[in-house]
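Chains as they are written, first to last, in the working numbering: chain A, 1 to 140; chain B, 1 to 94; chain C, 1 to 160; chain D, 1 to 802; chain E, 1 to 119; chain F, 1 to 495; chain G, 1 to 112.
No lab work stands behind these hints, which were simulated from the structure alone.
Among these hints, one or two may not hold up.
What the simulated footprint calls covered on chain B by chain D, stretch by stretch (three residues with Cβ under 8 Å from a Cβ of chain D suffice, anywhere in the stretch; the number is not a length) [to be verified]: (1) 11 to 23; (2) 26 to 40; (3) 43 to 51; (4) 58 to 69.
The model shown is predicted, which means the values in this text are computed figures rather than measured ones.
Glycine is no exception: its CB is placed at the ideal position from the N, C-alpha and C atoms.
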Amino acid sequence: MKINDVILRTVTKIVVFIILTFGVYLFLSGHNTPGGGFIGGLVLASAIVLLYLSHDIETVQKSLPLDFKLVAASGVLLATGTGIGSLLFGAPFMSQTFAYFDLPVFGKTELTTVTIFEAGVALAVVGVVVTIILSISEDE
Amino acid sequence: MVEKILYTALTLFAITIVIALIRIIKGPSMPDRAVALDMIGVNLISMIAVISIVLKTKAFLEAILILGILAFISTIAISKYVERGVIVERKSDN
Amino acid sequence: MPAQFLFNLFIAFLWMLLQDEDELKITTFFGGFIVGIVIIFLMHRFFHTQFYLRRLYSLIKLIFIFISELAASSLLIIKQILSPKLKIKPGIFTYKTELRGDWEITTLAMLLTLTPGSVVMEVNPDGDMFYIHAMDIEQSKADVLRSITKFEKAIMEVTR
Amino acid sequence: MFSVTFAIILPFIIAALVPFIHRRFKFIHIGWLVMLVPITLFVMLARLIPSVASGKTYIQTYSWIPTLNINFTTYLDGLSMILGLLITGVGSLVILYSIYYLSTKESLQHFYCYLLLFMGAMLGVVFSDNLMVLYVFWELTSVSSFLLIAFWNHRKASRLGAQKAMLITVSGGIAMLVGFIMLHTMTGSFSIREIITSIGDYTDHALFVPAMILVLLGAFTKSAQFPFHIWLPDAMEAPTPVSAYLHSATMVKAGIYLVARFTPVFGGDQIWFWTVSGVGMITLFWGSFNAVRQTDLKALLAYSTVSQLGLIMSLLGLGSIALQYGYSADSVLYTQATFAALFHLINHSTFKGALFMVVGIVDHELGTRDIRRLGGLMTFMPITFTVGVIGSLSMAGLPLFNGFLSKEMFFAATVQIMNADVFSLQSLGIIFPVIAWIASVFTFVYCMIIIFKTFLGPVQPEKLDKPLHEAPMGMLISPIILSILVVGIFFFPNLLGAYILKPAMASIYPMFGDPANLTPSIHAWHGVKPELLMTIGVVIVGTLLYRLLKKWKPVYGLLSSRYTFNAFYNNFLSFAASKSTIVTNKYMTGLLRDYLVYIYLFFILTVGGFFFYSGAFSPNFSTDARIRVYEVILVGVMAVAAVAMLFAKSRMTATLLNGVLGYSIAIFFVIFRAPDLALTQLVVESITTVLFLLAFSHLPDWKRENIPSKTKITNAVISVGTGAVVVLVALAVLNYDRFESISTFFEDAYELAGGANIVNAILGDFRGFDTMLEVVVLFIAGLGVYTMIKLRAKKGDENSEN
Amino acid sequence: MNVNQTIELGAALLILLGSIMSVISALGIIRLPDVYTRSHAATKSSTLAVLLSLTGAFIYFWVHEGFISVRLLLGIIFVFLTAPVSGHLITRAAYRARVKLTDNSSDDELKDVLFPEEK
Amino acid sequence: MMNNIIVLPLIIPIMVGVILVFLRPYVKTQRVISLVTMLGMAGISLYILNKIQTEGILRLDFGGWEPPFGILFVADSFAMLFVLTANIVTAICLIYAFSSIGESHEKMYFYPFVLFLIAGVNGSFLTGDMFNLFVCFEVMLLASYVLVTLGGKKAQLRESIKYVVINILSSWFFLVALAYLYGALGTLNMAHLSERVAEVGQGPLLTTISIIFLIVFSLKAGLLLFFWLPGSYSVPPTAIAALFGALLTKVGIYALFRTFTLIFYHEPSITHTLIGIMAGVTLVLGCIGAIAYKDVRLIASYNVVIAVGFILVGLAVATQASLEGSIYYVIHDMVAKAMLFLIAGTMIALTGKTKINEISGLIRNYPLFGWMVFVVTCSLAGIPPLSGFVGKVLVGQGAIESGSYILLALAFLSSIVVLYSLLRIFLSSIFGETIISVEDEVPLKKGMIISIVLLAIGTVSLGLGAEFISGYVSDAAHTLFNPSVYIEAVLGGNK
Amino acid sequence: METLIILLIGILVAVATYLILSRNIIRVILGTAVLSHAVHLLILTLGGLKTGNVPLLTEADAPYTDALPQALILTAIVISFAVTAFILVLAYRAYQDIGTDDLDALRGTNDE
Ligand code: NA
Ligand code: NA
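Same shape as in the complex, but just chain A:
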C-alpha cells in the first residue's frame, strides 16, 4: 500500500505558518526579548525543513523557487554591508545606531540598524541551512 501522507501534509500547512510567523517575531523582537537574527533565521529555516520533510523536493522548490545559496550570500552581504555602512558616516566599522520615531501607524517605534544587520544574519542562516539540507537530499 502506498503511503498516504495526508495527515502530515495537512497539519504541516498550518504548522509551517505558525513557525514562520513565530520566526519573524523572534527575529524582530530579539532586541528586547529572547530571539534575534540567528534564532529567527534558524526557526524560519526549520519551517522550510519541515516543508521538505513533509513534501518532496520538487514540490517545495516549485513553491519556493529560490537559489538558497544566493539567499545566504545576500544575507552575508547585508550583514557585512551594515558594517561598511557605518564607514560612510565616518563612524567606526560596525557601528549600530538606534532611535525612537513616532510613525503614523506604528506609534512610537524603535528603529535600529541592528535590525538590518540581524536581517542579514537571518537570511544567511536560512540560506545556509536550506542549502545544506537540499544539497544532501538531492545527492543520489
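Using the hints provided, position chains B, C, D, E, F and G with the ligands relative to the given structure of chain A.
Relative to the frame of chain A, chains B, C, D, E, F and G with the ligands by itself:
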C-alpha cells in the same frame, strides 16, 4: 508551599525523563526510542513552564513553543528515516 | 482568494497576540498584517484550500466535544497502566469514513489519535479507510467507534 | 681609480650578461670575452701592488642592512691582495686554457656564467671586511662550485660529487656563520678590522673558544682539511679547468685565507694553535699518504692538494704562536711559519695549477687519466712533459723550483717550534718535524709517480682510445706561464717577499709593527741546516719507497674501506635515508586515532602534569550555588545518556542519545538563565539531528568495532585522563576569584545600544563583529557542503594535477 | 490566604497533577508490551500532562503578574496539533519497519494490506 | 579610535568573495576581480604598515565600543607584516591558480573560498580580542576545510577527514582555554588580559591555562603537533597547497608569538622552555621527515615543519634579536614555502609523477623552471643573499645571547638538512638525463612560471633589500618585546 | 551546583574522547558533538552560574547573570553546527568514493 509543590513537580518531570531515557537506551526498536525522545521533549516543555514560574521570568516562554515545534520536526524526521531510510524525498521516490 | 485573506488575518492576529501588550492595539494588528502579507506572498503557492470564517462556531463546538472525549478516555488508559497486571489485548482494525478532503480526514485522524485508546496508523491512498490501532481492542473498539461518529458529525458541521 | 667594489661586482655583471652575449655571438668562443674580466682585474690589482706594499690599504663602505650592522665594506690589504692576484691571475690563465679545453658544443654560457659567479664570489670573500658579507660570498663560492662540479650533470658521479661538496662546505659555512654571530655577540661588530682591535678584551669570554672552533670548521671544510677532505677528490668530476682553478688554486684557499685573516683574532691561543697546526699536520700526512695509492691522475692531484693545503694550514697554526709571545726578536722567528705559509700558498697555486692543466691536457688529448693506461708520453708530448716535470719536482720540494724554498721554510718552522716553551711544546713539539718529514716522503713518492708513470716508461697505445699527440699550443700557454713562474720565483723569491708577502704579514700581525721585520730574505742556500738534511732524507727514502712501491702498496689494503671517512659519509646518508623513513613511518601512521592520541597525551602530560607539579589545584566547594533534586536528576540523565552513547548498538540510538544530551543542555541553559542560548541550542540540536539522519541515508550502519582490548584500555585511560584534567582545572578556575568580569558594562545595554536583551545587544552590537564572522563561517560551511557534493573527481584524475 | 494565592495554589496543583500524569505515562512506556501500546501512553498521557502544566503556568502568570501569555496558549495549541501527528507517524513507521505487535494482540487488519506475502 | 582602514583586510575579501558567488558563471571576471582585490589589499596593507611607522599602533574599536568591552582590531607592525606578506603571496598563488586550477573548480567558488581563507587569516593577525581570534580561526579553518576537499579526489577526502577532526579537537581546546581564561580573568581583550595577568602575577593556574593555549596554537602552527600537516598539505591542488604551506601555519605561529609575548610572558622558565623543547623536537622530527620520503609534496611538507621549529626557536629564546629574526624568517618562509609548493605541484603537473626518483632532467625541458628550483633550494637553506639569511642570523644571535646552545645547534643543523632534502630534488629531478622527449613535453603554462618567478624575485629582493623592511621588523620586534607599547595603544586612551 | 556541572562536563569530555578515538567516522562525529556540548557548559559554568537574573532588562533588576559567556556560547554553537554539517557530508562523501567509514582504512599510502 507553592514553591514546594512546583519543585516536587519538577522532580517528577525529571523522573519521567529518566524513565524515558531508559526506554531510549533499551529500545528495543527504533520507534520505541523515537516515542521516548518525543516524550522527553514534551516533558521538557512542562519543565520550562514550571521553571519559568520558579524563576519568575517570562524569558523562557518562547522556548516552550520552540521546543514544541522542534520535537515535532525531530519526530517526523526520525519516523521518516525509520520508515523509508530517506527523510527528504524526491518526487520520483514517492 | 478569500482563504488567503483569512489566513492573513490569522497571522495578523497571531502577531498581535505575540506582542503580549497590555491592550490590543490596532497598530500592532496592522504590523502583523504586513508580516502576514510577506509570509503569504512567499508561501502562496502552498495555499490550495479554502477557509471560511463562518465556521468558527462549529469549530469551537468541535473542540469542546473533543476535550470531553479526551478527559474521559484518559482515565481509562491511566487505569490500565496502573493496574497491577496488564490485561490488554491490542489490535488493529479498519474504519471506513464518509469524510472527504484533506482537512476533514486530517481532523478526524487527529482527534482519533488524541483520544486515548486509539491511534490512526495508516490512511489508505484513496483517503477513506483508516487503520486504527486500539490499546485494548475488546473494550475500546466500541468506544472508539462511538467517538468517531460524533467527531465525523461535528467536523462536517464545520466544513460543509 | 681602482675600486675593489667594482672588482667584485664586475664578474657578476658579466655573468648575468653571458647568456645574452652567447646568444648574440654564437660564432666566437665566449671564453675570449670572459677572459677579459680577470685580465682587467688582474692588471688593475697589480697596479696597486706598490702602494699596498708600502702599507696602504683601501676601504670602501656601502650600506646594505645598516640596521643590523651588515654593510658592504671592502678592504684591500696585503693578505687580500695575494688572494686577489691569485684569483684574477690564475683565473685568466684558466679561462684561456678552457677556451681550448671546452668545445663550443658544451653549454659554454652556463660554464662561464658559473665561473664568473665564482670569481666574483671569491673576490668578495677576500675583499670583504664585514663578516656577514664575507659569509654571503663564502656560500656563493660553494654554490658556484656546486654548479661547476655538476656541469656535466647527466653523469651521476658529477651530481653526487657536487652534492657532497655542497653539503660539506655549506655545513662548514653554517658553522662559521654561527662563529661570526658569536664574535658579533662578543664584540658588537661584524667588521673584521674592528674585531681585531677589540678582541683583546674578550679572550676570556665564554664564547671565545666556541666561536674559534666554529670559524675553524668553516675554514677546514672549505680547505678540505681532514676529515672533511673527502669532498675534494669527488669534486674532480668537474671539468679540469675548474679543478685547476677552484679546487686547487683559489676556492680551497679560502679556508687558508680565513685562518690567516683570523690569526690576529684567535692566534696566540693554545686551542687555536693546536687545532690549526694539528689538523693541518694530519691533513698533510693523510693527503700525501692517500695520494700515493691513486691511479687516476686527477684523484692523485686532489689528494696531493689536500695534503698541500694541510701543509699551509699547519704553517699558519705554527705561526700563530708568535702572538702568544707578543712582538719580540724571538717571536719573529715563529712568524716565519706564517711567512712560509703565504709563500707556499702562492707556490702551490703555480705548480698545482700547472699540474692540473697538464693532467687535463692528457685527459683531453688521450681520453684517459688512468696511470695504468698511460706511460711514455714524454716523446709524444714534450712540452706537456716539461711542464709536468717542473710542477712535480716543485711539489716534491726539489731545488730550482719554488716549492723547494717554501718546503725548506716549512721544515725550518717545524724544527723551530720545538724551541717554544708554551703549549706543552717542549715535549710534544717533536711530532711536527716528524710528521712533516714523513708526509714529505710520500709527497716525493707521488710526484715521482706522476713523472714516471705518465711520461716515462713504456707507451701503451693499445690502452688508449686516441692517437698520441701533443696538445694544441693554445692549451699549453697557460701551463707554460705557470711553470715559468715556478722557476722564476725560485730565482727571484725576494721580489715576491717584498711586494706581496710583506704587506700580507702586516695584515696577519698588525700589532707587530713594521712588517719588514717579519719578512726574511729568502735564500735557496743557507748552509747545512736541519731543513736541508730533512730534504735530503726525503729524497733518499722517497726514492727507495718509490722503487719498492709494489712491495708495500698492499699496506693500503689493510685500511678497510668500511672505515674511511668517505664510507662514513655515504653510510651516514643511506642510514639517514632508511632510518628516517622507518622512524617517520613509525609515528606518522596515517591513522587518525594515533594522531589524536598524541594530542590527548600531550595535553594530559603537559597541562595535567604541570597543574599537579605546580600545585595549582585547590578545591573549595563552599561557594557553589544551591542545588535542587531535579537538577541532580537531570545531570544524571545527561551522564547516563552520554555513557550510553558508548554502548549504543546502532548509530540511530547514539544519535538520539546525543539529542537527549542536546535537549538536556537546553534545559540547563534555562536553569542557568540563558534564554537565547536555550532557544538556539534547541533549534540547532534538532537541525543537527536532521542532518545526521540525512547523512545516514548515504552511510552504512556501524558494525561492532573489532578493537583489541589493549587499545580499548588505552582509549579509556586517555578519555578519563582528559576528562579529569578538564575537571580539575575547571574547579581551580572556579575558585580563582580575583577579577570582576567586564560584563557589568553591558548591563547598560538599553542606554548604550537600545536593546533590553543584553545577550542580543552583545551579539548585535557590542560584539556584532563576532556575529558577522560567524555568519561567514556558516556561509562557508554551506557553500562548502554544496561544492563537496556537486564537484566530484572524474575517474582517472586521482593522481595528477587538474 | 487571599484569592490570588488560592488560585496560584490551584495552578500549582494543576501542575503537580500534570507531573503525576507524566510519571504515569512514563510508567506506561516502561510497562506496556510493544511500541504501539507505548505510543498510546506517550502521545496521550503526556499530552494531557503538558496541557495541565502549561495551563497551570498560564493561570499562574495571569494571576500573579496579570500577564496573559499568548506564547503559552500557542504552546498548548501546538502540542495538540502535533502530538497526534507524531503518534500517527511513529506507529506507522514502526509498522512499516516491521516492528512486531505484542504477542497477545488479537486482530491485525493491516498486515494483509501491507505485507500480503507474509501470510 | 577610528582607523576604519584596518578592517579592510578582513572585510574586503569577505564581501568580494560573496559577490563572486553571484558571478559564478563568469570565470574570467572572477579571476580579474579576485586578483585585483588581492593586489589592492596588498596596497592597503602597505599603506597601513607605513601609517603605523608614523602614527604608532592603530586600533579600531568595532561599533565604537572602547576596549576592553567591544571587539577591536589592533594593527601593529608585527601584525601588518604578516598581513602584507600573506596578501602578496596569495595574489601570486592566485596567478598560479588561473592556469592550473581548472574551470570546474573555478565555478565551484574557488575564488570565494580563497578570499574567505585570506579574510580569516588577516583577521587572525589583526584582532585584539581572544574570542574573536577563535572566530577568525574558524573562518580560516572552514575555508581551508573546503579547499582541502575541493575537487573531491579520494586522497583529498581521506586526508581532509583527519585534518578536519584534528582541527575540531584543537578548536575545542581553544574554547576550553577561553572558558578557563574568561573564568579566571573575566575579560577577553588581549591587552586587558595582559594587564590583568601582570597585576596578579602569572601563577600556576594561569600558567596552566597558557599551556592549553600553547597546545591549541601549536596544533595550528604545526609545532610538535604537526601530524595532520604532511597529509593535508600534499593532497589539494597546487595553488591551494601553496597557500596552505605559506599561510596556515603562520597563523598559529602569529598567535603563539602574540600570546606568549603579550599575555603569558611572566613564566618563561616554564612556558618558553616548553616552547623551546617543542621547537627542538619539531626541528629534529621535521628533519627526519624531510629526508624520509621521495614524494616531492611530502618533502615540501616536512620542510614546513622544520621552518616552524626554526621560527619558534626565536620565541623560545625571546630576546629582541631572536624575535626580530623570527619575523624576518616568517616573511621569508611565506614567500619561499609558497614557491616550494608551487614548484612541487608544477613538477607533478609536468610529469604526472610525484616521486623524485621517477622524475629526471627537467632542466633540459624547462630551464627557467629548473633554475627556480635551485633558487628555492638555496633560499630555504638560508644561503645568502636570499631571504632566509637575515632571519637566521638574528635568531642565532638571540640564541647565543641567551645561551640556548642546543636550540642554536638544532636550528642551524636543520638548515643543512633542508639543503640536503631540497638538493635531492634538484639533483634527482631537475638535473640528470631528461625523461621527457620533446614531443611529450607538456607546455609549462605562463601563469605557473610567472608566479614562481615572482616569488623568486621576492626571495631575492627580501634578502638583498632586507634594509627596506628592517625598520618595520625592528618596530614589530620592539612591540613584542615591550608589551606595554601594545597595552598602552589599546587601553591607554581611556583610563 | 557548579561542582556537579563540572563533574558532568568531565564525564561528557571522557565519553566524547572515547568516541573520538573510535574507528567509525560517525562515532567520531558524535564525539565532536558531545565535546561541543561539554565546552558550552564549561563556558557557562565558569562564567558564573545563577549569580543573577536573566539578562533581559525588561524582566527584573540587576544583578543580572553574566551575559557575555552566553553570547560567546551562541557563537560557538553556531560554529560547531557549521562544522558538524560539513564533516557529516565529508564523511559520507568519503564513504561514497572510498567505500569505507572505517578510519583505519583511511591510512593513505606510505609506501616508502
Ligand atoms: Na572565577
Ligand atoms: Na552542538
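Outcome of the hint check:
Counting residues of the segment 11 to 23 of chain B whose beta-carbon sits less than 8 Å from any beta-carbon of chain D gives 7, enough to reach three: the coverage restraint holds. Only residues whose beta carbon comes within less than 8 Å of a beta carbon in chain D count, and the segment 26 to 40 of chain B has 6; three or more means the coverage holds. Coverage of the segment 43 to 51 of chain B by chain D holds. Counting CB-CB distances below 8 Å, 4 residues qualify, and the rule asks for three or more. Counting residues of the segment 58 to 69 of chain B whose beta-carbon sits less than 8 Å from any beta-carbon of chain D gives 6, enough to reach three: the coverage restraint holds.
Violated hints for the displayed structure: none, as all numbered hints are satisfied.
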